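Peer 1: Here is how the chains run, residue by residue.
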Amino acid sequence: MWKGVSPVNVEHIDDVLVIALPARLDAVGVAAIENNLKEIVTNHKGKVIADMSHVDFVASLALRMLLTNLKAVQPLGGDLRLAGLQPQIAEIFRKSRFDTLFKIYPDQESALVSYRSV
Amino acid sequence: MLQDLLRTIPWFMHLDAAQLDSMVTSMEQRHLAAGDMLFHHGEESYDCFIIIEGSVEVLIFVNGTEHRLEVYNAGDIVGEMALIDRSPRSASVRAISACHLVVITEVEFKTMIGANPELAMRVLRNSTTRVRNTNQRMISDLERKNNELLKAYQQLKAAQNDLIRLNRMEQEMAVARQIQESFLPRQLPQLPGWEIGAYSRGAQAVGGDFYDCIELSDGRIGLVVADACGKGVTAALFVALSRSLLRAASQAPWIFQGGAVLDAESILTGALWLVNDYICREHGDNNMFVTLFYAVLDPKNGDLVYVNAGHNPPLLLDAQCENLYELPEATLPIGIMANQTFPSQRTCVEPGYRLILFSDGITEAMNSAGQPFSDDRFHDVLREDGYLGAQNLVSMIIAQVDAYAEGAPQADDMTLMIITREA
Chain A
0 MWKGVSPVNV
10 EHIDDVLVIA
20 LPARLDAVGV
30 AAIENNLKEI
40 VTNHKGKVIA
50 DMSHVDFVAS
60 LALRMLLTNL
70 KAVQPLGGDL
80 RLAGLQPQIA
90 EIFRKSRFDT
100 LFKIYPDQES
110 ALVSYRSV
Chain B
0 MLQDLLRTIP
10 WFMHLDAAQL
20 DSMVTSMEQR
30 HLAAGDMLFH
40 HGEESYDCFI
50 IIEGSVEVLI
60 FVNGTEHRLE
70 VYNAGDIVGE
80 MALIDRSPRS
90 ASVRAISACH
100 LVVITEVEFK
110 TMIGANPELA
120 MRVLRNSTTR
130 VRNTNQRMIS
140 DLERKNNELL
150 KAYQQLKAAQ
160 NDLIRLNRME
170 QEMAVARQIQ
180 ESFLPRQLPQ
190 LPGWEIGAYS
200 RGAQAVGGDF
210 YDCIELSDGR
220 IGLVVADACG
230 KGVTAALFVA
240 LSRSLLRAAS
250 QAPWIFQGGA
260 VLDAESILTG
270 ALWLVNDYIC
280 REHGDNNMFV
290 TLFYAVLDPK
300 NGDLVYVNAG
310 HNPPLLLDAQ
320 CENLYELPEA
330 TLPIGIMANQ
340 TFPSQRTCVE
350 PGYRLILFSD
360 GITEAMNSAG
370 QPFSDDRFHD
380 VLREDGYLGA
390 QNLVSMIIAQ
400 VDAYAEGAPQ
410 ADDMTLMIIT
420 REA
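Chains as they are written, first to last, in numbering that gives the first Met the number 0: chain A, 0 to 117; chain B, 0 to 422.
One or more of the hints may lead you astray.
What the hints assert, rightly or not - Some, not all, of what chain B presents toward chain A, calculated at C-beta under 10 angstroms:
1. CYS320
2. THR330
3. MET395
4. ILE397
5. ALA398
6. ALA410
What the hints assert, rightly or not - Covered by chain B, per the in silico footprint, the following chain A stretches (three or more residues, Cβ under 8 angstroms):
7. 32 to 43
8. 47 to 53
9. 92 to 101
No wet-lab data here; the hints were simulated from the structure. Because the structure is a prediction, the values reported are computed rather than measured. Where a beta carbon is used, it is the ideal one built from N, C-alpha and C, also for glycine.
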């Protein structure tokens, strides 16, 4: 379990690591959490949910950060699923077709259910 | 009686009664209130003083700040240095409390010393101690100043190195910018019945956006607008890589030779497969990607075959400047998944229609309140000014975006390409 000071909000629900991402994922926002997030996700190795309900801006670097984490957990049998995308964020995922890379759920609860039903 | 008072002071103890009497007869006395000056630094007066009562301080002024060097009390001699070497006063002396002093002239001084060689020794000792103290103070002062200077020099040197480094970086960035500009088409193709206008501006010295017009066989033209992930140098390197690969793959000899003209679908899917696979294979660890719209336009009939690799959907504006259509269907961006296929889509740019390719730096340009220019504003400008020629319409949109942003610093690069077909 992560014990250090973390700029991202992390919670363990059963065997699922739930990460609440901050509102602005622009270049500065991404730089602030990128390394920390990678460390948490890589250490966890398993089921991860990124709760994006607070996120109201994503730059392309944020998509890259999520992709990097997805690629880090998938070979270990884990997954990174996204929850609670605001409409304008969902639109960015649709246009860039990143919606085909991730399993996306309306909220954290349904993302948790998706892991339990496996 | 002054004589009785003087007898208690060592300076006068060894004088005989006659000597003391004769001295007292001609002796001047001074009374000072606290704060009164006895003499000033630089003053040319050569008497010295013996304090009968009270205390005085010896002062110097450095850069307008007062420094106290010594304090003298009853029985002490003050100002004998000027008397001995006939030089102007080396410091100022001020009374700390009410003072009673006697003035000693050179003649009296000699008499006193003559009467008691021990006194001469005492004067010498006083002077020597004073010189020693002054020396010590000067040396400490010099050492301190030397350290300060050394520190200031080191800081200056570090700042200068930073400046040199910064300067060199700026020069390198200027060169990089020039090179990057050479990655944009030197001139846009002139096609009868068509007009192409384009614009690209980086948020930093070098950018992550580019556009391109690639000459293809049979008079066809490849139109590209792309946006590499991130911005600045990292993105610029990826722009250089993907733009060059795409151009080389599109203009490979097999596309021009071999008799039969290669169809647009094959050019697109072949070039994109190659570029994507190369980047995934060689640079996959970086997880960098490029969103890219690539279309092959046949100016003879307006046929447009395209692949949209995760880029903002381009827009088609009808001849009446009333309706805008988003070009549908997209694939993942370039650089994410190796061995990916890029199925192409097909549409037609009808006479009088305009095709608008852009990067999200246009619609997401922020004003100082952090509000984006937005799709809605972009569409409004297109409907309002869509009748303009391609290059004028590009300039109009950029002017509108700039007016909206009011000079607020932009986070993203802006790229816009407009292709208009005569009605």
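Peer 1: Does the CB of CYS320/B sit less than 10 angstroms away from some CB of chain A?
Peer 2: violated, 24 angstroms
Peer 1: May I ask you to test the interface hint for THR330/B with respect to chain A, counting a Cβ-Cβ separation under 10 angstroms as satisfied?
Peer 2: Result: holds, 6 angstroms to nearest chain A Cβ.
Peer 1: Can you confirm whether chain B covers the stretch 47 to 53 of chain A, using C-beta to C-beta distances below 8 angstroms and requiring at least three such residues?
Peer 2: Check failed, 0 qualifying residues.
Peer 1: Are at least 3 residues of the stretch 92 to 101 of chain A within less than 8 angstroms of chain B when you compare beta carbons?
Peer 2: Held - the stretch 92 to 101 of chain A has 6 residues with a Cβ nearer than 8 angstroms to chain B, which meets the minimum of three.
Peer 1: Please check whether the stretch 32 to 43 of chain A has three or more residues whose CB lies within less than 8 angstroms of a CB on chain B.
Peer 2: violated (count 0)
Peer 1: Next item in the hint list is ILE397/B. Is there a CB on chain A closer than 10 angstroms to its CB?
Peer 2: violated, 21 angstroms
Peer 1: Measuring from the C-beta of ALA398/B to each C-beta in chain A, is the shortest one below 10 angstroms?
Peer 2: This hint is violated: ALA398/B lies away from chain A, its Cβ roughly 25 angstroms from the closest one there, beyond 10 angstroms.
Peer 1: Verify the interface restraint on ALA410/B: the C-beta must sit less than 10 angstroms from at least one C-beta of chain A.
Peer 2: Holds: closest Cβ of chain A sits about 6 angstroms from ALA410/B, inside 10 angstroms.
Peer 1: Please verify that hint: MET395/B, Cβ, nearest Cβ of chain A, below 10 angstroms or not.
Peer 2: Violated. Min distance 25 angstroms.
Hint check: violations occur at hints 1, 3, 4, 5, 7 and 8; the rest are consistent with the structure.
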